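2 protein chains.
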Amino acid sequence: MAQQKATNITWHQATVTAQEREQLLNQKGCVIWFTGLSGSGKSTLANAVAQLLHQRQHHTYVLDGDNVRHGLNKNLGFSPEDRAENIRRIGEVAKLFADAGTIAMTAFISPYRADREQARALLADNRFVEVFVECPLDVCEERDTKGLYKKARAGEIKEFTGISAPYEPPLKSEVTLNTAELSLEECAQAVIAFLEETDLVPAGR
Amino acid sequence: MAQQKATNITWHQATVTAQEREQLLNQKGCVIWFTGLSGSGKSTLANAVAQLLHQRQHHTYVLDGDNVRHGLNKNLGFSPEDRAENIRRIGEVAKLFADAGTIAMTAFISPYRADREQARALLADNRFVEVFVECPLDVCEERDTKGLYKKARAGEIKEFTGISAPYEPPLKSEVTLNTAELSLEECAQAVIAFLEETDLVPAGR
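Chains as they are written, first to last, in numbering that gives the first Met the number 0: chain A, 0 to 204; chain B, 0 to 204.
Hints are supplied without guarantee of correctness; some may be wrong.
Heads up, the list lumps identical chains together, so a pair's fine if it works in one copy or across two of them.
[To be verified] No more than 25 Å apart at the CA atoms, straight line, and that leaves these computed lysine to any residue pairs for SDA-like:
(1) K149 x K171
(2) K150 x E80
(3) K73 x R142
(4) K27 x E155
(5) K73 x A123
Because the hints were derived from the structure by calculation, they are not lab data. This structure is a prediction, so every number in the text was calculated from the model and none was measured.
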């Protein structure tokens, strides 16, 4: 693409707007918030969606335990206050990514409705896509990808979502996907279809 | 650009890598950390650099008081601990943006060397560019863009950097720019030149 000359710049108070960043990236900045039990497939699904979008030249970023818990939120524990602050910060960071024009995805259990609604409230209408990764507890427990259910059942982990702490399912999620019944590809394509329908990304060719 | 077929996807454990995001954006993810006194021109300079890079189709994002203090860091005050935590979180978020492949810029006084070094330590070598926005105190105070120096002199603001709290200038900043002597365009071009020299962005045409 042609490069503009620096002489076009208005120096003072000049900023690149969110809209200009979106034009550059050919997409709308947004937050796709995956929520569900441990083992439901949130992170796998978020990364699959990221991969499909990347193949279409879209800019994505997945926030998950790997890049958040040991960095930004490393000074938080697992008290109720710290859990709420954990989700609050993730919501704020996701908002910054959306403002940058990026399609930000978050993959955290985020069991409380109030916490998720707080994250939603930071974004403009239709820029927050809540994806309920629905999967029966017994299936998640059978998968037990991280061995956490076993520890929770043995009492080694306290207040474990689904076992000894509540999970509040979304009442009005934009997308609901049962990962015990659908394939990963079907789930990922359903998320992409929603993004296309709401004009967050152009329709695929 | 041609779109790949979804059939190439390896579903399990598949993630988009940082390198793949950089290829998409045709740049290297990095953090440009502007530091200097209040009124030195950090935010104006960061936004001018963002504008020049955007004209070259680069993806940038400026973190500053406007988008951080009222969001992610709204639960922080001005105690020494909170000031340190403020800069720590900004460093962690900037790192996430760099990991996303974005050229992240931060425009905060960040007066303490130790805090800046902590932010630097999060990034790989040459992915952290410290820009010392040097400007004599008397010039900053004369500008007094936000009226803060007047309040600090009147004792209405305590521990104000340069007046009643120290500013520790960088000892090894990648770029040092005296905004009392150079024009904004000269300063912005000097930052761009450094990014080109270190291959963070391709040379301009």
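Results for each hint:
1. K149 x K171: This pair counts as neither: shortest intra-copy Cα distance 31 Å, inter-copy 51 Å.
2. K150 x E80: Answer is within; shortest intra-copy Cα gap is 23 Å, inter-copy 36 Å.
3. K73 x R142: neither (27 Å within a copy, 39 Å between copies)
4. K27 x E155: Neither, since 43 Å and 43 Å both go past 25 Å.
5. K73 x A123: between (29 Å within a copy, 19 Å between copies)
Taken one by one, the earlier hints fail for this structure at numbers 1, 3, 4, listed in ascending order.
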